[in-house]
Every structure is written in C-alpha cells, then in structure tokens.
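Peer 1: Go ahead and model the full structure; you've got the sequences and the hints to work with.
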Amino acid sequence: MEPYGPGTTISFRLPHDTPEHVYQYLNERKKKLGRKFSSEIAPLFIQSVSEKALQDQQEDLLEVPIPKGLSEEQLDWLTHPRTQALIGHLIWQMVKQPLKPLEMAPPPVESLPQKDSHSFKTNNAITNFAQKTFLDFDDDDD
Amino acid sequence: MSLRLASIDIGNDAVKGYLGDLKEQLYIPNVIASAENRDIIEMEKDPLSGLHVEITSGALKKKNGHYVVGKLASKYPNNDELTPDMDKSESDQPVVLLLTALAYDAAKHFPEEDGVIEATYLLSTGLPLDESKQGKTKEFRKKLKTAQHEVTFLQTPQLEGKIVRIKFEQVLVNTEGFAAYVDLTTNNDGSVKNEEILGKTILINDIGGLSTDSAIITSDSEVDNEYSEGIKQGVSTYLDNIIRKVYTQYKYMIKSRRVLVDIITNEDPEEQYNIWVDGNRVSIKNIIDGELEILAKEEYKLIKNIWRNVPDIRTAYQIGGGSLVLRPYLTKLNQEDKNYPLRFVTSEDSIWMIARAYFKILLMYCESKSINTKDLVTTKG
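Chains as they are written, first to last, in this note's numbering: chain A, 1 to 142; chain B, 143 to 523.
Incorrect hints may appear among the rest.
Distance windows between CB atoms, simulated [to be verified]:
id, chain 1, residue 1, chain 2, residue 2, range
1, A, P19, B, D227, 21 to 29 Å
2, A, L90, B, N220, 26 to 34 Å
3, B, P219, A, E2, 55 to 63 Å
List of simulated lysine-lysine pairs, DSSO-like, C-alpha gap at most 30 Å [claimed, not checked]:
id, chain 1, residue 1, chain 2, residue 2
4, B, K342, B, K427
5, B, K342, A, K121
6, B, K284, A, K132
7, B, K275, A, K132
8, B, K427, A, K132
9, B, K165, B, K287
10, B, K474, B, K335
In short, the hints are calculated from the structure, not lab data.
Remember, it's a predicted structure, so these values are computed and weren't measured experimentally.
Idealized CB from N, CA, C, for every residue including glycine.
Peer 2: This is the structure we're talking about:
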C-alpha cells in the first residue's frame with residue numbers, strides 16, 4: 001500500500017447507516033459546487049481526523065471513573081475547574097511525596113456538599129400513600 | 143445494636159438490591175442449582191462469580207440445602223430458573239437468593255468473631271400484585287422475621303468457611319408495581335420528582351420476565367384495587383422461543399436470555415439484531431420481530447382494557463426489563479391505534495427502579511419510627 005500523503009486520492013463508501021441529513025447536505029453542496037466540491041469537503045475530513053488523532057495522543061490526560069450515586073450538585077462540583085486543579089494537586093502529592101501526610105484534609109470526595117442524611121422528608125401525598133399502602137401493618141403481628 | 147438497611151427486589155431474572163444506602167448496589171442472576179461439592183480447578187476471583195452456600199433456615203420448605211447461586215449456577219445443567227407456575231411467596235428459590243445476597247453483604251460489613259458473623263437487617267422487599275392481592279404479604283413477612291437463618295459459605299472465593307447468622311429487626315413486604323410510584327415521584331434525598339404526575343391518575347405497567355403487573359394509582363394518591371391487576375405473562379417465554387428458533391434455523395445457540403436481550407437492545411447497528419455465525423453476520427430480526435410483536439399485542443390489549451375501565455388515566459409508565467425490549471413494538475402499535483401518552487424509563491431505571499423504591503419506602507419507615515439512619519452500619523466496625 002502506498003502511504004498517504006498530500007495529493008493522495010482517498011475514496012470510500014458511505015456507511016449504510018449514514019444519517020439522511022449528512023448525505024442530503026453532501027448532495028446539496030455537490031450540486032452547488034460541482035468540481036469544487038472536494039475542496040470544501042476535504043478540510044472537513046481533515047479537521048475531524050485531526051481532532052481524532054490528537055485526542056488519541058493526549059497521553060498527559062488521566063481518565064478516572066466518577067464514583068456512582070453522586071447528586072447533580074456534587075457532579076457540578078466535581079467538574080468545576082477549581083476542584084479539578086485540587087485533584088491534580090492531590091495526585092501530584094501522592095506521587096511525589098507519598099510518605100508525607102496529605103495537606104488537604106478531609107479528602108475531596110468526603111468534603112462534597114452533602115445533604116443532611118438524618119432525615120428523609122418526603123412529600124405528604126407520597127408519605128401518606130406509602131404509609132397506607134405498605135407501612136400500615138401491626139409491628140408485632142407475629 | 144448494629145443494624146443495616148437493605149432493599150431486595152427479587153426479580154424473575156435477577157435479584158437487585160441496595161445495601162446500607164442508595165449508593166451500594168448488588169445484582170445476582172436469579173439462578174440456583176443444588177450442589178454438595180464443586181470440582182474446582184481454579185477458584186474464581188470475585189465471590190459473586192462463585193457463590194456456593196449451605197443454607198439452614200426455617201423459612202425454607204427444605205429447611206437445609208447446599209446451593210450454587212447466580213452466575214455460577216447458570217453453568218450447571220441442572221439449574222433452576224423460576225417458572226410462571228411458582229409463587230414467589232411460597233417457593234424456596236426467592237428465599238435462597240435473598241439470604242445469599244444478604245450474607246454476602248454481611249460478610250463485608252458486619253464484624254466477625256471466630257468465623258461467625260451476626261447480622262441484623264431492616265429489610266424492605268416485595269411481592270407481585272397478584273400475590274399481595276391474595277394476602278400473602280403477612281405470611282411472607284412472618285416467615286422471614288420469625289425463622290432462624292444461617293448461611294455458610296462453602297467453596298466461595300474469599301468467603302470460604304464464614305458463617306453468617308441473619309436476623310430481621312423488621313421486614314417490609316411491599317407490592318412491586320405500586321412501589322414503583324414512590325420511586326417515580328421521589329428523589330434520593332426525599333424531594334419530589336416528576337411533580338406533574340402527582341394528583342393525576344397514572345398506570346404503572348411493570349413488564350417482567352414472567353409476569354406483568356399493572357398498578358393504577360388514583361388522583362388522590364390511592365391504590366385502585368379494583369382494576370390494578372397482575373397477569374402471569376412476561377418476556378421470558380418469548381425470549382426462549384426466539385432462542386429455540388434461532389437454534390433450529392442456524393444451529394447457533396444463544397447462551398442465555400440475558401445475551402439475547404443484549405442483542406435486541408444493542409445500540410450499535412452492526413450488532414443489534416445480529417448474530418455471528420462462522421464469522422459472518424446473520425440478521426435474526428425476522429425471528430425477533432415475529433415473537434415480540436405477538437407479546438407486544440398482548441401487552442397493548444391489556445393497556446387498552448385498563449384504559450377503557452379507568453378512563454381517568456393520564457399517563458402510563460412502562461417499567462421492568464420487558465419494557466426495554468418491547469419499547470419499539472409497543473410504540474408502533476400505539477401510533478397506529480390510540481396514541482396513548484405512554485412513557486418509557488431508561489434502561490438503568492427499568493432494572494433498578496423497584497429496588498430503589500423499596501429502599502425509599504424503608505427510609506420513610508425509619509423516619510416514621512424515628513430510627514436514625516445515620517447511626518446504622520454503613521461500614522465495617
């Protein structure tokens with residue numbers, strides 16, 4: 001196979017599941033631009049491939065799964081740039097000075113804004129529904 | 143006294159549970175097999191893949207038995223899955239699954255003394271509509287609450303030799319379909335969700351593996367006992383038909399219902415409705431359509447019937463694993479016919495909704511009894 005380089009012709013089939021709006025757009029542009037069609041489409045292709053290629057090379061990014069069961073508020077907090085800087089700092093310290101106690105206590109996950117878990121106050125209609133439907137039994141029926 | 147909260151939904155395909163709080167989930171396929179000994183070459187790494195237990199419990203008809211449970215049991219030729227003729231409240235299998243699930247949790251969270259773990263739970267679980275209509279809840283609660291339960295882990299990775307004694311401080315036995323209403327209307331912190339359905343009559347259709355529960359909640363948040371009903375009709379039989387037909391036609395064995403559901407619901411168009419025979423892609427969409435269209439028609443007939451009897455219904459939620467595979471077929475039938483306001487929940491919710499509902503009901507129970515949920519056992523100690 002000849003390696004790809006500037007000037008190489010690339011031809012490929014559109015996948016059978018190409019969305020309608022994509023090929024319709026292609027048809028429109030082809031009709032309007034005629035032979036100049038590829039000079040408009042090629043940059044689009046280059047841009048997408050370039051994004052993909054750079055993304056794959058981002059080795060200085062660490063992907064960490066987000067813990068399950070966080071509230072929307074907590075997720076917002078996690079994705080805040082300042083929180084991420086904090087996490088970055090934490091990792092740096094863990095790697096560089098693993099023996100030194102962490103300066104930032106308590107750990108970030110536990111310092112998330114947490115609703116008071118003492119009580120589970122629900123809407124009256126729903127409480128009544130649950131009470132009547134499920135909880136209305138004699139505690140010592142055995 | 144140390145006490146732990148647990149909600150367990152004994153589904154026909156799998157047991158789903160929340161332990162300690164709404165963050166810790168447990169999922170065990172509902173398959174068991176009797177097994178005294180296992181021929182082991184190499185022990186599994188994850189205890190959940192190698193559950194092998196001896197259970198002694200007054201809640202079992204058999205009183206004592208050796209079982210492999212869950213993923214491991216699905217590899218046994220003599221395994222048992224639930225069938226439509228069995229009641230959950232009267233079979234041993236749901237109790238075996240329930241106690242195994244709790245013992246697994248207890249081994250992680252309760253202290254151990256000389257290999258024995260004493261665990262006390264506040265349990266919230268449930269029965270299908272037709273069984274609770276027959277008044278089986280009280281009996282089921284009593285059976286679990288008064289009996290002694292002991293689970294010994296046999297050849298199970300990491301847990302071998304541990305003995306767990308389980309006691310129930312209280313057992314809530316809810317009704318599957320009605321419980322879903324609590325989850326649909328209540329967030330994890332207790333605040334109101336989907337406010338627009340409060341004050342309206344709604345239908346919750348729980349399409350499961352072996353049964354369909356149609357629960358109607360009226361505009362004043364009461365249970366409609368007259369027209370809510372449960373039928374023994376679910377997706378499992380139809381999935382089994384598809385598996386059989388695919389085998390007859392292509393000599394290709396789809397390993398389990400779960401694998402087939404993954405084929406039906408796969409989001410990748412290369413994989414959805416397709417099997418790979420000798421490396422070549424073969425579409426089985428015709429076979430799938432044929433079977434699921436029949437069931438969808440049955441389910442739609444049921445919805446129509448209920449809507450005719452209770453014309454006040456404003457929205458019908460489809461939940462349960464079955465709603466996931468039937469969604470396109472039901473939607474199509476509905477577009478061609480009555481155009482009812484049908485709503486479907488996400489695939490995640492269709493699986494976890496009932497277990498989550500049970501947990502929220504348990505939290506409401508604690509609130510009403512002033513049990514402080516913060517002092518309960520959430521970590522080992």
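Peer 1: Compare the structure with each hint and give your call.
Peer 2: Here is how each hint holds up against the structure:
Here the CB-CB span from P19/A to D227/B is close to 48 Å, at odds with the stated 21 to 29 Å. Distance hint for L90/A and N220/B: a CB-CB separation of about 52 Å, inconsistent with the stated range 26 to 34 Å. The beta-carbon spacing between P219/B and E2/A, approximately 56 Å, falls within the hinted interval of 55 to 63 Å. At roughly 38 Å between alpha-carbon atoms, K342/B and K427/B are farther apart than 30 Å, so this suggested pair is violated.
Distance restraint check for K342/B and K121/A: the Cα-Cα separation of roughly 22 Å lies within the 30 Å cut-off, and the hinted pair is therefore satisfied. For the proposed pair K284/B and K132/A, the alpha carbon gap of about 19 Å is at most 30 Å, so the pair holds. A C-alpha spacing of about 15 Å is found between K275/B and K132/A, which places the hinted pair at or below 30 Å, so the restraint holds. The hinted pair formed by K427/B and K132/A fails the criterion: a straight-line CA distance of about 46 Å is larger than 30 Å.
For the hint pairing K165/B with K287/B, the CA-to-CA distance comes to about 26 Å; that is within 30 Å, so the pair holds. Distance hint between K474/B and K335/B is fulfilled; the C-alpha atoms sit about 28 Å from each other, no more than 30 Å.
Violated hints, in rising order: 1, 2, 4, 8; the structure is consistent with all others.
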